[in-house]
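Undergrad: Chain X is already provided as a structure; the job is to place chain A on it using the hints.
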Amino acid sequence: MKKTVALTFCVLLLLAVVFSILILSMDDEAGSHGDAQNGDSAFIIWGTLDYADETYMGGEPERNASRDICDAIHSLVFDTQQYDYCKNFWGNDTQPDQVYGNVSYCEENYNFTAIFYKGHSIGAYCDVEGCMFGEHWTLYAAEGYKHEYIMDYLIHDRISSGTHDFVFLWTCGYGAEDMIGDIDENGHSVGMMASWMNTTDLEADGYASPDGSNQCFIGFDGYSIFFITQTGYGGFDYGDFAALFFEYAMIDGWTVNDALDAAAEETHWQSSFGDCQLYTGYLMPDPHGSGQYVTCYMRVWGDGNLKLRRGE
Amino acid sequence: MNPWTKRLCLLLVLVVVSAVLFAYLPAVHVAETSDSDEVLVFLEEVVRIDVAKYDVTLLGTSVTHPDWLAGLAQVTGKYSLESETSKLDVLFKFRNGTLYWCLMRVVEGSPHYLDVPSGNIRDLADGFLQNYQDYSGDSELGSMRNMLDVVDASENSTATVDNLKLTVSVTSFSSSFDWRCTLDGTDCGGVDISFHNGHFYAFGDDRSYYPMITQ
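In order, the protein sequence lines correspond to chains X and A.
If you use numbering that gives the first Met the number 0, the first sequence corresponds to residues 0 to 311, in order.
If you use numbering that gives the first Met the number 0, the second sequence corresponds to residues 0 to 214, in order.
Here chain A stands alone, though its shape is the one from the complex:
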C-alpha cells in the first residue's frame, strides 16, 4: 500500500468515526442529566430512599418554556427505580434548574429506606421537612415545622401563624400538609407534601417560581 492510499484510508476512518460521534452528540443533554441526577440526591437525602439498592432508569423528559414562567425553562421527567422486591416510579419537575416538584409512586413492594420511616403521620411530615431543610439550607422551613405542633395531623385542620397558613387534609387517598404564605393578602407560594399508605407521595415548593399568570 503506497503512502497516499494509507493516508486516504486513515482519512476515511476518521470521517466515519467523526460522523458517528457528531450524529449522536445531540442525544446527550448535559443540563438535563445534571438536573435529573439531582432528583436521586433528593430521594436519598430528603425522602431517605436507599437509591443504591435500585437499578435506576431515566424515562421520558421534556423541556418547555411556559408563558406563566415568563420564558424560564421547565424540565419534566420520570425515573423508574427497580429492585428484585420493589419498584418505584418518580416524576419530577425543575424550574430554572431548581427541583420544585417530585412525586413517588410505589408500583410494587415496599420502598428500600435508609432509615425506618415513622408510623406517625405528623412525624413523617416533620422528618421530611427537617431533611428538606438540611438539603436546601432554607431556614424558613423551621417555622413551617413549628406549625405542626399547633394542628391535629390526623384530621382536617388549619392554623395560621403570622403570614403562614397550614392546611391539613385527610382523605381516603392521602394525608397532605400545605403551607402557604401570603403578603398583604396576596398568595406568594408555599410548600406542600402528601403521604399515601404511609409513604411519601408528593412534594411541591413553588415559593421561588410561583406562576405569574394573573386572573
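Okay, chain X solo, but in the shape it has when bound:
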C-alpha cells in the first residue's frame, strides 16, 4: 500500500513538472513581450577603424576598446531579444553605402530604430545644386580620414517613415546647439540630428526637461571623451559607462535618463548623470590651440523618457 502511495506521488510530481514546463513555454511564445509588442524594431552599431592619431583619436588602445565595447553592447542588446534586427557593423562593414542602405531598410521595415556610432566627425561639401548650407557634417566610415565619408544629407535622403527615434553618436561636436543642423524647403539637410531624425525641434536638455517627443539624440558638444579615458572612480573608463548605459537601458520600464543615471553612478564619484562631468563639463585638449583645453559636454536632446526596451 505504501509503495502504491509513493508511486502515485512520484507520478503526480512528474506530471506537474511536465505541465509546468508546457505552461512556461506557452508563456514564452505569447507572453508579456510577445511578437506584437517587441516586434518591429532595429538596433544598429556603426564605427570607424581609424584611430591613427594618438593624441586626438586615442590610437590603437582606443580602437581596441571601441571594438570590444561595441561587441559587448551588441551582445547584451541581442540577448534581450527586444530587437528583430540587431546588428553590429563596427569596423569594415561601416561603409557609406551600407549605412545609407540600412537607413532605407530600417525606415521601410521597422517602427523604431536605435543607432549607436563610435568614431569621428569632419566637415565636407556636397554637389547638390542650390545647396545653401556650405559645409556639411559627416562621419568617418571604416577607413576614415581622406576616404569616403558618411554624409549627413545622404542619410536624410533615405528617411521615409521617420522612425530613427534614438541616435547616439559618440563622436565630436554633433550634440552642440550650432551643429544640430537644418532642413531646407527642398528636403536637403545638414547636420546629423536633422538628418537622422528629420527634426530640429527637440528640447536642448532632454535630460533635465524631457520633451515627450519619443525621440532622443545623444551627442557631444565639443570633443567626445575617449572610451579609454578613466572616469577617476574605481578604475572605470568611459567605455564602461557606454556599455553600462545600454545594459541599464534594456531593463523593463527604464528610460534613457534612468540608464544615464545608473551608468553615471556606477562609474563616477557622483550619484547621477546630472551631477557627473559628462553633464557638467569635462576638459579635453584643443587641437587648434597648443596646450589649451576646452570644456566639452555630452548632450541629450529630446525625450530622456524614451524607453529603448520596446513594447511598452
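If you are wondering where the hints come from, they were derived from the structure by calculation, not from laboratory data.
All the given hints hold, so there is nothing to weed out.
Sample of chain X residues at the chain A side, in silico, Cβ under 10 Å: (1) Tyr232; (2) Gly234; (3) Gln269.
All C-beta atoms, glycine included, are put in the ideal place defined by N, C-alpha and C.
TA: Positioned in the frame of chain X, the structure of chain A alone reads:
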C-alpha cells in the same frame, strides 16, 4: 461515478493545480522583494516621503555580479509612485543586500512629504544626513554633518577635516554634497547626496562596497 474514476479525477485536478503553482513559482523572488521593500522604508524614513499616499509599482529589476564587486550580487531596480497629484520614479541599487544608491525623479507635481522640507539647501543636507544616521545607526555620519558648518553650501566649496573631505558643487541642475574619506592617501569611499529644484535627487554610499578595480 465509481471510486476509481473519482480518484482519477481528483488526481488530475491535483496535477493541474500543482503544475500552475510550479510554473509561476520562479516568478517570485523572495530576496528581491525584501530588498526592494527596503527602498520604500528608506524613502519614508530618510527622504521623508509619505509613501502611503502613493500607489507603488515595482518595475524592472536586474541582478548582476560585476567583476568589480568580486562576485557579490548587485540588485538594480525601479519603482513608480503615483498619486492623483504627484508622480515619482525611484531608482535603486543594492550591493550584497545593502541599499547603497537611490535616485528620485519628480515626474509630475510635488512630492507628498511627511514633514515640510526646509527651503535652505544646507538644512536639507543636514536633515537628510540626520535621518540617514537614524535609519542606519551609523555614527560616522555625525562627523559628516558637522562639516556642513565649515563650508558655504550655496557655492562651490571644499573643506577637509582629518581624513574626510567635503566638496560642495552648485550647478544649474543641482546642489551636491560629497564626503570622501581617504586613508594613507587612498580613497575608501564616501557618501554623496544631491538636490534638484529643492527636492532630494540622488544619494550614494559606497563605503561598504567601494569598487575593487585598481587602475
